[in-house]
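Student: Top line first, the protein sequences correspond to chains A and B. Per my numbering, the very first residue in the first sequence carries number 1; after that it's consecutive. Per my numbering, the very first residue in the second sequence carries number 289; after that it's consecutive.
Possibly wrong hints are sitting among the right ones.
[As the list claims (entries may be wrong)] Derived list of chain A stretches under chain B, where covered just means 3 residues or more per stretch with a C-beta under 8 Å from a C-beta of chain B: (1) 4-18; (2) 55-61; (3) 95-104; (4) 175-182; (5) 223-233; (6) 253-266.
None of these hints come from the bench; they were simulated from the model. We put the beta carbon where it would ideally sit given N, CA and C, even for glycine.
Residue-level listing of the chains:
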Amino acid sequence: MENFVNALVSGLISGSLYAAMALGLTIIYGVSRVFNFGHGVIAVIGAYFTWYLLSNFGVPFLLATLLSMAFMALFGWLLYRFTINPLLKKPNWEFSTVLFMLGAGILLENVVLQIFGPRVKSIPLLAEGALKVAFIQINWHEILLIVIVLVAILALSLFFKYTRTGQAMRAVAQSVPGAQVVGINIEQIFGMTFALAFVVTGFSGILLGTKYYLNPHIGWEWMVKGFVIVTFGGLGSTSGAVVAALILGLVEAVATLYLGAIWVWPIWFVLFLIVLLLRPQGILGGRA
Amino acid sequence: MLKNFNWKSALYILVIAFILLYPWLGASSYNKHLFILFFIWSIVAANWNLMMGYAGINSLGNIGFMAIGGYTAGILAKSFGIPPLLTVPIAGLVTSLVVTLALGLPALRLSGIYIALLTLIFADTLPSLLTQTREITGGAMGLHEIPPFYPGMDKTGAYYICFVFFLIVLGIIYRVIHSPTGMAFVALRDSENFAYCLGVNKFRERLKVFALSSLLTGAAGGMYVHALGDISPTTLGIEPFLLTIAMIELGGVGTFFGPILGAAVIVFGNEFLRLAGTLRLTLLGALICTIILFYPGGVIQLFHSLEHQIERLLKRKPSTS
Chain A
1 MENFVNALVS GLISGSLYAA MALGLTIIYG VSRVFNFGHG VIAVIGAYFT
51 WYLLSNFGVP FLLATLLSMA FMALFGWLLY RFTINPLLKK PNWEFSTVLF
101 MLGAGILLEN VVLQIFGPRV KSIPLLAEGA LKVAFIQINW HEILLIVIVL
151 VAILALSLFF KYTRTGQAMR AVAQSVPGAQ VVGINIEQIF GMTFALAFVV
201 TGFSGILLGT KYYLNPHIGW EWMVKGFVIV TFGGLGSTSG AVVAALILGL
251 VEAVATLYLG AIWVWPIWFV LFLIVLLLRP QGILGGRA
Chain B
289 MLKNFNWKSA LYILVIAFIL LYPWLGASSY NKHLFILFFI WSIVAANWNL
339 MMGYAGINSL GNIGFMAIGG YTAGILAKSF GIPPLLTVPI AGLVTSLVVT
389 LALGLPALRL SGIYIALLTL IFADTLPSLL TQTREITGGA MGLHEIPPFY
439 PGMDKTGAYY ICFVFFLIVL GIIYRVIHSP TGMAFVALRD SENFAYCLGV
489 NKFRERLKVF ALSSLLTGAA GGMYVHALGD ISPTTLGIEP FLLTIAMIEL
539 GGVGTFFGPI LGAAVIVFGN EFLRLAGTLR LTLLGALICT IILFYPGGVI
589 QLFHSLEHQI ERLLKRKPST S
């Protein structure tokens, strides 16, 4: 019983981190229908940038995070403007963007490897100590992580609901011609979407870097997990991604407790196949 | 036959004659090895291109298919002593069956991105699965000393066997492209709705290509283990995956000769890439990005323009005489 409750808690924590990580994928796909196969390394770059500021310049954590988010926004916009935008004009854009981002992911991963070396890095914890309630023990750091993710998700949903840019993004996601008719500049919105998604992804990389270790290749593992999550929740659905991430995080924790860590991935894969067969639009997705 | 004879058929015959005679022209053992790699990888690339370039199946897991075939053939030959003449077709059939049931049926009905996701995740799961089943697959060390095609086989023997396999598979792919199935894909590409009106069943045609292509890729995996003698989870790694993608993109997606040309460039050029050491993957990633962004037609486009030049030159002659 104790173990089970503790497993649930740790599942909740990793689930919320996965949710943060999957959001960037689903935002880009939802608005522009580009599936980012270089997603993992984007998160890794955000985390490395923050780590570099923290450990080499002693910048305070909050400032380092803000600087890295500004960097990610610029990076996302530039990447869209100079590579994805011309690719989207070609007839076979759907798969050429996939292959392009795969290649770019490998390229960036190895650039990170060349600059920072293969050694494992980690971003320091946000808070020390642990909270103890009866037999449950949670680190303050992890409580803080959940709170941060919750606030971030809330902020994102407010952004999509109330700001003009957010509304325009949702309009483009629903229908590109419809958005054009009401005078929305599609390319501009796509660029902003990439910037926003890269900020979210980089931010999730920072959070993941505080909980787990960091190396240039870890992005692949994060990304493949993100793929399962966004498909499970429904491609392009942000709420679906959050729910799916929590479910899969809990599944992961419980499977690790009773079967061992090696079974997590096969169970995820089977769940993924079942969802794909029975409900291909995902648990909360609207369309197939 | 003679009516169709032109400089192009002459070129093909020359190339084939060269490959046939090459071991007799003092080829070193290492060069023969490179040619064997070229035969096998061009089959993998050509089959991948059949899916991706012709049928529009955005698979990212073909290296995984190859590994399934390779391991099946390796285990059958090593642990059960089944002759390679049987293991290669069995490897192809097993691969095709597993992959079509587990990936093709669920994903081919859905839009393109799902098959890319599912195949990538599938291929990503395989290495951990292989290390888990150490007793059968040898774990991270892989399988070694897999029996060759016949006892006492040397590089020249493997060279000719792989070359024959290469010609057979390319013949099959050529037939498929020019069969009603191939025509159906041309119709689907040009006008999807019109193709449906003509009675083309997209799902069924795609499933056929998926099954056939995974069968041939699995068989290529079987050829690989018998020709080279070992296979390990690194065969499934990111580098062979990227190299094969680069072959298809570099040669020209959706063309018959593109992937073969790309395989030749990459297999023989990889030796130069080796000089780059740790920068190798960086260069490969940059190469793929550059081709997709700036030269989406690939090397084959260069050849096509060359072909037009030659044809113009040839046509001019009769008019002057």
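Student: Hints first: check each against the structure and report whether it holds.
Tutor: Hint check results:
{"no.": "1", "hint": "4-18", "in the structure": "violated (count 0)"}
{"no.": "2", "hint": "55-61", "in the structure": "violated (count 0)"}
{"no.": "3", "hint": "95-104", "in the structure": "holds (count 8)"}
{"no.": "4", "hint": "175-182", "in the structure": "violated (count 0)"}
{"no.": "5", "hint": "223-233", "in the structure": "holds (count 4)"}
{"no.": "6", "hint": "253-266", "in the structure": "holds (count 3)"}
In terms of the numbered hints stated before, the structure departs from hints 1, 2 and 4, listed from lowest to highest.
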